[in-house]
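Those protein sequence lines, which keep their order, are chains A, B and C. Following the numbering used here, the numbering of the first sequence begins with 1 at its first residue and continues without gaps. Following the numbering used here, the numbering of the second sequence begins with 1 at its first residue and continues without gaps. Following the numbering used here, the numbering of the third sequence begins with 1 at its first residue and continues without gaps.
Honestly, I wouldn't trust all of these hints.
Stated by the list, open to error - Label pairs and their in silico Cβ distance ranges: (1) C:Ser55 <-> A:Asn207: 20 to 28 Å; (2) B:Ser285 <-> A:Asn207: 34 to 42 Å; (3) C:Ala42 <-> B:Pro460: 20 to 28 Å; (4) B:Pro460 <-> A:Glu224: 37 to 45 Å.
As the list claims (entries may be wrong) - Some chain A residues near chain C, calculated using beta-carbon distances under 7 Å: (5) Val74; (6) Pro77; (7) Val310.
As the list claims (entries may be wrong) - Facing chain C, from chain A, some residues (calculated, C-beta under 10 Å): (8) Asn27; (9) Thr48; (10) Gly73; (11) Ser75; (12) Arg81; (13) Leu184; (14) Ile187; (15) Lys190; (16) Thr295.
Derived by calculation from the structure, the hints in this document are not laboratory data. Virtual Cβ for every residue (Gly too), placed ideally from N, Cα, C.
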Amino acid sequence: MTTTFRRLGAVSATAGLVLLTAACGGNLGSKSAEEAAENFPDGPVTLTIGQDPGGSTDLIGRALAGPVSDDLGVSMPVVNRPGANGALAAKELESAEADGQSLMVINMSLAAITPLAVSEDQAVDVNDFEIVTGISTDDYVLVTNADNGWSTIDDLKNAGKTLSYATTGVGTGSQLSSELLFKLAEIPGKAVPFDGGAPALTAVLGNQADVASVQLGEAMPQIEAGKVTPIVTFAKERNQYLDDVPTAVESGYEVEVQQARAIAAPKGTPQEILDELKAAFDAAFETQAYQDFNTDNLLTPNEVSGDEVVEQWTTALDRYRELTEEYDIDLGGGQ
Amino acid sequence: MDYSSVIQGFSVVLQPENLLYCFIGVLVGMLVGVLPGLGPAATVAILLPITLNVEPVTAIIMLAGIFYGAQYGGTITSVLLRLPGEASSVVTVFDGYAMARDGRAGSALGIAAIGSFVGGTVSIVALTFFAPFVARFALDFGPPEYAVLALLGILLVASVGSGSRLKALVAAGLGLLLATVGRDGFTGAERFTFDSLALTDGIDFVPIAMGLFGLGEILYNLEDRSGRATAPPKMVRALPSKDEVKQSSGAIGRGSVIGFLLGILPGGGAVLSSMAAYAYEKKRSKHPERFGQGAIEGVAAPETANNAAATSSFIPLLTLGIPANATIAVIFGALLIQGVTPGPQLITEHPDLFWGVVNSMYVGNILLLIMSIPLIGIFVRILRVRGTILAPITVLITLIGAYTVANSVFDIMLVCVFGALGYLMKKFGFEPGPLVLAFVLGSLLESALRRSLILFDGDPSGFVTRPISGVLVLALVIVVAAPALRALMTRRQNRAKNEELV
Amino acid sequence: MSASHEARTPEELAEQWEAEKPPAAGPLSTAAAAAVVVLLGAAVMVASFRLGVGSVQQPGAGLWPLMIGAFLVVSSTVLVLTARRFDDAERFVSSSWLVLVGLGTMVLFALVVGTIGFEIPGAVLAFVWLRFLGKESWRLSTIGAVAMVVAFYLIFVLALQTPIPHLF
Chain A
1 MTTTFRRLGA
11 VSATAGLVLL
21 TAACGGNLGS
31 KSAEEAAENF
41 PDGPVTLTIG
51 QDPGGSTDLI
61 GRALAGPVSD
71 DLGVSMPVVN
81 RPGANGALAA
91 KELESAEADG
101 QSLMVINMSL
111 AAITPLAVSE
121 DQAVDVNDFE
131 IVTGISTDDY
141 VLVTNADNGW
151 STIDDLKNAG
161 KTLSYATTGV
171 GTGSQLSSEL
181 LFKLAEIPGK
191 AVPFDGGAPA
201 LTAVLGNQAD
211 VASVQLGEAM
221 PQIEAGKVTP
231 IVTFAKERNQ
241 YLDDVPTAVE
251 SGYEVEVQQA
261 RAIAAPKGTP
271 QEILDELKAA
281 FDAAFETQAY
291 QDFNTDNLLT
301 PNEVSGDEVV
311 EQWTTALDRY
321 RELTEEYDID
331 LGGGQ
Chain B
1 MDYSSVIQGF
11 SVVLQPENLL
21 YCFIGVLVGM
31 LVGVLPGLGP
41 AATVAILLPI
51 TLNVEPVTAI
61 IMLAGIFYGA
71 QYGGTITSVL
81 LRLPGEASSV
91 VTVFDGYAMA
101 RDGRAGSALG
111 IAAIGSFVGG
121 TVSIVALTFF
131 APFVARFALD
141 FGPPEYAVLA
151 LLGILLVASV
161 GSGSRLKALV
171 AAGLGLLLAT
181 VGRDGFTGAE
191 RFTFDSLALT
201 DGIDFVPIAM
211 GLFGLGEILY
221 NLEDRSGRAT
231 APPKMVRALP
241 SKDEVKQSSG
251 AIGRGSVIGF
261 LLGILPGGGA
271 VLSSMAAYAY
281 EKKRSKHPER
291 FGQGAIEGVA
301 APETANNAAA
311 TSSFIPLLTL
321 GIPANATIAV
331 IFGALLIQGV
341 TPGPQLITEH
351 PDLFWGVVNS
361 MYVGNILLLI
371 MSIPLIGIFV
381 RILRVRGTIL
391 APITVLITLI
401 GAYTVANSVF
411 DIMLVCVFGA
421 LGYLMKKFGF
431 EPGPLVLAFV
441 LGSLLESALR
451 RSLILFDGDP
461 SGFVTRPISG
471 VLVLALVIVV
481 AAPALRALMT
491 RRQNRAKNEE
501 LV
Chain C
1 MSASHEARTP
11 EELAEQWEAE
21 KPPAAGPLST
31 AAAAAVVVLL
41 GAAVMVASFR
51 LGVGSVQQPG
61 AGLWPLMIGA
71 FLVVSSTVLV
81 LTARRFDDAE
91 RFVSSSWLVL
101 VGLGTMVLFA
111 LVVGTIGFEI
121 PGAVLAFVWL
131 RFLGKESWRL
141 STIGAVAMVV
151 AFYLIFVLAL
161 QTPIPHLF
């Protein structure tokens, strides 16, 4: 009896090893670039989100996964891998197989702002990835509680006190945009970091903080309800959904900060695969459902090529680095 | 307010097709929520796709079903396997598992279902009538109020559990320490991460709770003394007896109120509510020593409170557009996909959608009660499996469950580490409960405290001068001073008696 | 379970559990554990200063950990000093090494799951727990181990489509 089972054990162990080398059907395989390009898509294409489920990056990823998977003809599971504002997911993607089967939604702030706040080995460089396509941009808007009666930057200047500004966290566009604006406009202020847009906005609604820079999608319901007043947006141009609010640049302060998102693949993914993916995403961008999604979430399409995304983000990082050095702003709080 | 749309909403919700979807939602939510690691937030996220292909109203009703089912699923594992799926059912473990060990798992699960139903319903009724009013009060809770509230919660921690107070305090200190691991949200500095990127967001609650409670207990039982844990406990009954229901009715009533009030607060409300309800029951009980040894009120109070809180946390979402916790954030996303934008305008501009969401919660809650009662028997049967067979199943569920929280192999290692720590703590006479609870509140306390100090320019008197935090500080002082005062009083009384005698 | 398990009142239960308790390890064990925590607290305090304590107006990253470190040092020092009063620690017994074996299978699982998937380490773990830690029969252990892995595969890979590393 005992021997039979020992033998069985040996057999199954060998079988295991054989299967291991063949790597059949599992999610652990590896293959060469040419093979990958020929067979693409070979099974499900995983789309990783570096944030928790429910956030705007997650929603965008899930809105795209459906139509893209229809176009590619394979399933596209969306996997949340939250951690370090997406850096964890990015580091994992870097070491993933460059066969187009693993992609992620990457945030501009991770590549263009966070590097200014964290140590070098934790910074994510957009050049370490192949960018498949840009997706959309999301504007930051500076809001204040409507009860304060402030509606312009001059009102803030004349408030006559040190203003507290709520940010959505360290190394975010929210922090950078408000730090820059307060410095450039010479408004005395102190930063109060929160964990994300909702609590920062709540602090303004509850009058615990004077102003907050948050993403437009989050602030819009409160703006429409008249609970908070938008003061400026931080994009280059006025936002299409809020076109009566001036940009910071129009108000005379060179502060241009945006959140943008793109699809990233591991470095070295063959061009054929990238092209095929780009075509699939372009098809998804064309669908009515996705366009409605953009409108519902106040997102501005930025469906540019990967090279353009890299160009946009690298320029932004350089500019932010210059500005923070020039105005002696330390996003990392004294690190 | 115009309530005709409320009535109208019900006729939609009660259509057989919608009821069927809600039924499926509760069932699937419960089955997936029972898997440790898959707490309510993850369960709802995983099941989200199945709601996308149905009509919006139906989808929302189904979501409500999934939501309640997932909430209850976490209770089942807390009671049966000592694996809390989320922070708000940690305290359920104390008495729930003790009851299960004693063959009263059916009573524990039954009273949890009844309590959840009552708490949820009380909250929905209150939500129906007072939502816009209470929403305003939630906004007055800023960093200073949270700081005091969290501190109050942590002081209550010491009274939770049954071991020595001093050891509980040390364990709570360790919990606070573990909560500081990760990138500091204020300065970006890496704290105790040992250069590991996997630790930059800190340690997740799930590996800590599953490791300390679940694996710790299983490892401890491997020492196999007197067959206590390996023999299947004898089932006393599948449902709570009349006496047990009677015994817990007060706890359920108080739990509903505590849960409703604390659940409105964005951030940590549900966790605080279950702890507060438990601590309060223990405090007012004539036999506080029964708590932790299988007191049915110790299950009824927190389970009622966390479901009441889970329901009332819809208030800030529906009226302010603020998701109060991770689960609600996922629901927020799901509602957006269905074309419902939660926020201050929802109730005025789309009353039909607003009431659709509220009414589907009534239905989800009722279906949960109807379905959980017969299912309890099936779940309890799990316990009758021999311990030697149940143990590896639980270990594998825990390891795989730990992975699914953040899809991270690192978390599997963490859960092993905390399993070992849980075993050692048990050997050295430390309760894991205070550690886990302090861990849960630790980051809330720290960030609220630091935000307050920044806002007050370092002047601590701000905590007292703000009206709500002032009242909370007073409560804090009473909690700390009451035992001391009582001791003083008895001493004086004794002295008076002695003098009389003389 | 024994007939005494019919004990229903909490007092009886507490008594019964008390009787089933393993041998106590004495106060020295509590003192040793507390001493470890004292050292940990001290180390945390040192590390906190290095992180930067900041000021009350602008608290630094180290302020809160410093407070916790101090709290740990104080509370566990009291514990060391009053250890005589504690008898709730348990001695390690001969079967304690089984715990190490059990823990070993889990760590093994964690170490290899990323490279070879969960099926093989999962089956090994289940088999060791059933056969060697649980003293089940060879037959039941083998069938049980395979059945568990198959069930988990069906639930987590096929039904829920979680990305848990899997070989098949």
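Report task. List in ascending order the numbers of the hints, as given earlier, that are violated by the structure. Result -> The structure breaks hints 5, 7, 10, 13, 14, 16; every other hint is satisfied.
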